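Asks: Letter by letter, the chains look like this.
Number of protein chains: 2
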Amino acid sequence: MPKSHKLSRRRFVTTAMSAAAVSSLVVPEVFGRVAKSRPSAGATNLSDGSLTDAPPWKDQAIENLAKSPYAKLRQIPVHAVTIKTGFWGQRREINVSKSIPTMHDLLEANGRMNNFRRLAGKSDAAQSGPVFSDSDVYKWTEAVGFALQSGDLPDVRRMAEKAIDEVVAVQEPDGYLNTYYVEDRESLRMTPQTQSTGHELYNIGHMLQGSIAYYRATGDRKLLDAGIRFVNDFLLPNYGPAPKKPIVSGHPEIEMGLIELYRITGDKRQLELAGYILQGDERAKFPERRTIYMFSGTPFTARTKLEGHAVRAMYACCGATDYYMETGDAAYWKTLNTLWQDMVSTKMYVSGGVGSRSDGEAFGDAYELPNFRAYGESCAAIGNMMWNWRMLSATGDAKFTDVIERALYNGINSGMSLDGTLYCYRNPLAFDPSTGDKIRNPWYDVTCCPPNLERTFASLPGYFYSTSRDGIYLHLYDNSELDWHLEDGTGLKITQKANYPWDGEVEVAVTPAKPLDFIFHLRIPGWADTAQVSVNGKAVAGVKQGEYLPIERRWAAGDVIRLRMEMPPQVLEANPRVADDTGRVALQRGPLVYCMEGLDQPNGVELADVALDLGQKPASQFQSEYLKDMLGGMVILRHKGVAYQRPTSGNGLYSRYSGQPARTRQIPLTFIPYYAWANRQATEMQVWTPLSNA
Amino acid sequence: MPKSHKLSRRRFVTTAMSAAAVSSLVVPEVFGRVAKSRPSAGATNLSDGSLTDAPPWKDQAIENLAKSPYAKLRQIPVHAVTIKTGFWGQRREINVSKSIPTMHDLLEANGRMNNFRRLAGKSDAAQSGPVFSDSDVYKWTEAVGFALQSGDLPDVRRMAEKAIDEVVAVQEPDGYLNTYYVEDRESLRMTPQTQSTGHELYNIGHMLQGSIAYYRATGDRKLLDAGIRFVNDFLLPNYGPAPKKPIVSGHPEIEMGLIELYRITGDKRQLELAGYILQGDERAKFPERRTIYMFSGTPFTARTKLEGHAVRAMYACCGATDYYMETGDAAYWKTLNTLWQDMVSTKMYVSGGVGSRSDGEAFGDAYELPNFRAYGESCAAIGNMMWNWRMLSATGDAKFTDVIERALYNGINSGMSLDGTLYCYRNPLAFDPSTGDKIRNPWYDVTCCPPNLERTFASLPGYFYSTSRDGIYLHLYDNSELDWHLEDGTGLKITQKANYPWDGEVEVAVTPAKPLDFIFHLRIPGWADTAQVSVNGKAVAGVKQGEYLPIERRWAAGDVIRLRMEMPPQVLEANPRVADDTGRVALQRGPLVYCMEGLDQPNGVELADVALDLGQKPASQFQSEYLKDMLGGMVILRHKGVAYQRPTSGNGLYSRYSGQPARTRQIPLTFIPYYAWANRQATEMQVWTPLSNA
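Chain order of the listed sequences is A and B. Per our numbering, residue 1 is the first one in the first sequence, and the count goes up by one each step. Per our numbering, residue 695 is the first one in the second sequence, and the count goes up by one each step.
In case anyone wonders, no lab produced these hints; they're calculated from the structure. Keep in mind that this is a model prediction, so the values were computed, not measured. Mixed in with the good hints, there may be bad ones.
Stated by the list, open to error - To be clear about the criterion: a stretch of chain B counts as covered by chain A if any three or more of its residues have a C-beta under 8 Å from a C-beta of chain A, and this derived list gives those stretches:
{"no.": "1", "stretch": "1063-1075"}
{"no.": "2", "stretch": "1269-1280"}
{"no.": "3", "stretch": "1295-1309"}
Even for Gly, the Cβ is constructed at its ideal location relative to N, Cα and C.
For reference, chain A alone in the conformation it holds in the complex:
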C-alpha cells in the first residue's frame, strides 16, 4: 500500500481541483446508494484520507488492477511517469497542443456537441453524424482525461468541463443517454435490432472509459455519475438474463467499461453484467454472419479464431481479458490464448495492424494480409495494443509487450500525422496515390480513429511500467522519470536516459526510498539479437531476447542498469502462406518497421519497378543515418537495389515465363520508418519490397 509519494509536478492537484472534489470511492453499497439518488457531482463526494484497499482516484492507473485477483501485474498511474524530451515526448506534446484542441473544434464544427445541445433546447441543429457520434465526444473526453493526468491544461480542461456539462444535462430521468435514439427514434431504443447496429451500449462504454479517465485526472465525478446512472438505474434493473430483457453487444466496448467501473465501485453486478454480455443471450438471435461480424452475441468462450469486424473483435478480447483478471475463468483464458495465437501466427501485419479487409473492416482468413488493400484501421491496432496490455497484466509475459511495441511504434503511430492534425483511418502497407485515395484526413464522418489515437498517446506513460509482488517491470524505453512505489509501499524513482528507438542504449537509474531486495524485470525486446545488461558496470547473465530479465538484488539509490542493444537493420520475410509477401522482404530496425516512399527514390522510378538486391550478406550492406531535420528527426536506411530497365507498366498483364532474369539497372534505395509515411507529399509507399533474383 502506498505510504506517501509526491505529486508536486501535477499542478492541477492544487491549482485546478477543489479539495472537495478529491474523493475516493470505496464500497459498492455506498456508491450504489449515491447513484440511486442521482447526485450532482461534488455533492456526492466522499471525504478522502482514510486509505482503503483501493487506491484513491488520483492513483488509479489506466486499469485499476489493485484488487484484480488474476492480474499478475498492477498498472501504474499515468501521472507516475513523466515522459521527457524524446520520441514520445515530441508526439505527446503535439497531441495536447494540437490534436486534442483541434479535435474539439472539429467535433463542434461537425455538430457532435450540438447533438446534445439540441436535446437541451439550446440548439436548432438537426441530429448530426452516425449513430455512434456520442462516442466521439466521450473518446475525446478520455483523451483529455489522460492528458490531464500528466499535468494541467486549463484551456483543454475548460473545453472538457463544458462538454461534460452539456452531456449530463440531457441524461433522461431513467438514466438513458443517447442523442440519436430520441424523438422519432425513441421507440427504437434498445430493441434487438438497435442493440445490434445502433451502438447505444458502445457509446456508453466509451462514456464510462472517458468518465473514468477524467475522474482519475480530476476527481470530478460528474460524467462518471451519469455513466453509473445509465448502468445502475437503466441497464441493470431492465436488461440481463431472463426475466430481464436481453442484451447483445452490437459493437463490444461496454464490457471493458463495465469492468473498469466495477473496479472503482466494487459493485459485482457490473462485472456480472459484463460476463453476461460476453457470453451472449440466446434470446437475442442473429444470423451467424452477424455474430461473426459483431464478435458478440454468441459465447466468447466458444470462439476459436479471430474473424469479423476487427475493432469489435479486439474490444471483445479486451473485455474478456478484463473479465478473466477478475474471475480467473479458465475457459476465458483458454479462448484468449487461442485467439491470440491465431492473430500473431496468421492475421497480424508486421506493423501490428490487424483487420485485412475493407469489406466489413474485418479480419481476413489466415494469412490473408494484402498490402495495398490492407485495412489496418487505426482503432484496430489500438485495440490490439489494449488487448495485449491486458494479457501482459495478466501474465507478465514479454511476448505481449512485443506486440504492444510493434503496434504502438508502427501501426498506431502511423495513424496520426507528425503535425498532429491529420489522421489515417486505414493504415495500408503499400499505397499508390494515383488510385485517388487520400490517406490522411483531418476529419472522417466516422471519426472513431482520431480521438482514439489521441487518448492512446495521452495514456502512454501508463504503459511504461508495472509493479508485481516481487518488484517492478519495465516495458517501454524512452527518456522518462518514474515516481511511484513498489507494492509494499516503498517509494521508487526510476530515470531512463535513452535515444530510443534510434539507439539501443538505455540507462536506467533506480532509486528506491530505502535499500530494498526486489526484482527489476527488464524487458529484452524480441527483436534484440544482441543485448547486454549491466548493473553498476557489472554484466548481468541470463539475457534472453523476448523475455523479461529478472534482476534480483538489493537495490539502492545510485544503482544504474545499462542496457545495450545493437540495432542493425533486420530483413524479415513472411510465412510463405502470405501470398502477398511472396518473394518480398520487409525491413525493421529496433522496433520500427521501415518503408520506401516514392519521393525518396531516384527520379522517375516507380516503386512497382524496384527490387532490393541483398547479394549474399543480408543486412551487412545497409547504411543507417540519423537525419535530424527529416520529419522530426529519424534514422533512414539505404541499400542498393535494382530497377527494371523499362517501367513494367508497359508490359502486358500476362506473358510467357522465360526463366531469364529481367533486365535491370542498379539504383540506390532509401527507407524511412513506416510511421512517418505520407507526411510530405502524395507519393507511393511500400513496406514489402521484392528481392531481386540477382
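Use these hints to put chain B onto chain A, whose structure you have.
Replies: What follows is chain B alone, placed relative to chain A:
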C-alpha cells in the same frame, strides 16, 4: 440478302409454331403504331413473306447487326450453327436438360413467379426476393429463348409460355411493369433514388433481352410487346432530356436492351434514349462514389478507367459498344478502347474474370488481382465476353476473340458445375474450404449468375462465326455445322471436326452453294505459338498468332482447311505489378487455364506448401494425359514439384530472412483445367503456383 437456306432441323418452325405467329417486324412507324394500341400478341403480327432490309425474326442473331452501319461483322443466328458432340455439346446438353428446368423450379420455389401472380390476384404469397428479382425470370426466359433457337424443347417452352403469360398479365395500363414497386412502394417508382438502387430499368433491360431471344426463337411477340409498351408508352413519353423527367441507369442493362429493340423496330427514339442514358443527366445528381459504383450517371465518354461494380461496368460497355455500332460516335470508340486497354493491361484475371473486390463487387485498382479473395463474379465474366463480342463485331479484331475465349473456357465455364445444377457467384483463383466458404450452390437469393450462365451457354452457337462483306469469320472451334449464307446470299455450309480444347487439330470443310471468291478469316488464337494452316493439303502462308488469317480464294464444295496447333502446356507469369502473383506462375494449355486441387496431390500435402520445380527447361517436363472418365473427360497435366519438409503453418508469421533455400522434398504435382474445379469434394485450389528456388 439470303436467298434460301434450309432450317429443316429446327423442328419447332413447323411443329411448335402456328403460321400466324411467324412474323417479321418491318418499319418503325408500323411497329410504333401497333405498340400504341397495346395489342395482344398474335393480333398484331404482320404477315411474313415480303423481304425487307431486316432479316425475319428467325434469322436474327444474338445481335441483329444487319443494318448497323459501324459493325464490321454481322452476327449469325444461333440456329445456323449446330454444336455437335464435344466439349460444348456436353455442356449445352446438360444446360437444357438439367440447368434450365431446375432453375425454373427454383424460381418457382423461391417465389419469383408468385411475385407476378400476387399482382394478378392469383397468389397470397408476400413479395419475395430483392428488387431485381423480376430479372431472374427474364434472364431465364432469355436462356429458354436461345435454347429454343437450337431446336424445340416442348416442356421448357411450355414453362416459358406460362411464365410469359403471367408476366404480361400484370403490366399496368401505362406500360409500367415491376413486382416490387407496387402497393405501398408504388410512390417510390422511378424516383431518382429508386432508379439508382431499385433496378427498375435493369429489370426491363433483361425483359427486353429475354423477350427478343424468345421472339427470335418462336416469333411469339407477347413478351416483346410488353417490353415495347414499357418503352414506348411509359418510358419515352415521360423520361429523358428536359422537360421530361431524368433517368439514371442505376445498374446498366437497359442500354443494351433499348438498342437491340431499336434493331428490331427501327424506332430511333429507342436508340436515342439509350444514348441519353449512357451520357447521364446532370439533373439526377449523385455523389461521385455512387456514379463510380454504378458506372453510370456521368457521361460514358468521360470515363478513363474501369472501376466500380464490375457487372455494371461491363454492361455499360456493352451498351456503349452497341451505341457506337449504330452511330459511329468517335468519342465512344475512343473511350471504349481506353477502357478495354485498361482492363486487359491491368484488371483482368488470367481466367478472363473481372472484378477483384468483394467489397462492392467491384473492379480493383490497376494490378489489384488477389487470388483467394478474387471476386470474379460469373456475371462479370459473362459481361466481359458480351462486351468483347461487340468489340469484335465492330472491328473483326482477333484480340477481342482471345478475350472471349479466355473468359468463356475459364472464368465463365467455371461458374456452373459439370452436372449443371450448382453455380458459382464468385470465381476465385485460389480457395481453401477450411475458411467455411461454399463455392458452388444451387441457389442464391441474388440469383443473377445462374440464369446468366444458362443464357450464355444456350446462345453459344451464335458466337462461332460472323459474316463480313468480304466473306466469313471463324471464331471458335468445336465439332459443329454451320448452315447459313454469305452476305451476298450464297448459301454456305461449314463443318468443323475437332477435339478442341484437348487437341489443336481442327478440320474445316467449306461448302458454298456454288464456287465463289471470298475470304475465309480463320482465327489463330493468341496462345498458338505454332499454328499451321493448309487448304486441301496445301500450306497457307502468313499465319500470325492472335490474328485472323485471311484465306482468299475461290471456295468450292469439298474444300478442306486444316488447322494444326501444337498444345504444349504453357507457363505464364504475371506483370511484376501484380503483387499477388509475385514469384508464381500459372499454367495454360490451349485456351484452358489450369489449377491444382488439393485432392489430386500427394496425401497430406497442403497447396500452401508446394512449389513448381521448373528446372532449366520450362514446359518440357510436363506430362499431358487425357483421362476420359475424369469429370467428363479432360487433359490433366503433371509436373515435378517440391513441398516444404514441414507444413509452413507451423512457422511464425514473420521471421528473419536467411537467404538460404528452404528444406523441401520432391513431389509430383497434378493440374486440372480451372473450369472443372470444385466438382468433386471440398478441397483446396490454386491457379498461381510458386516457383521453387531450386
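Asks: Going back to the hint list, which numbers does this structure go against?
Replies: Failing hints: none at all.
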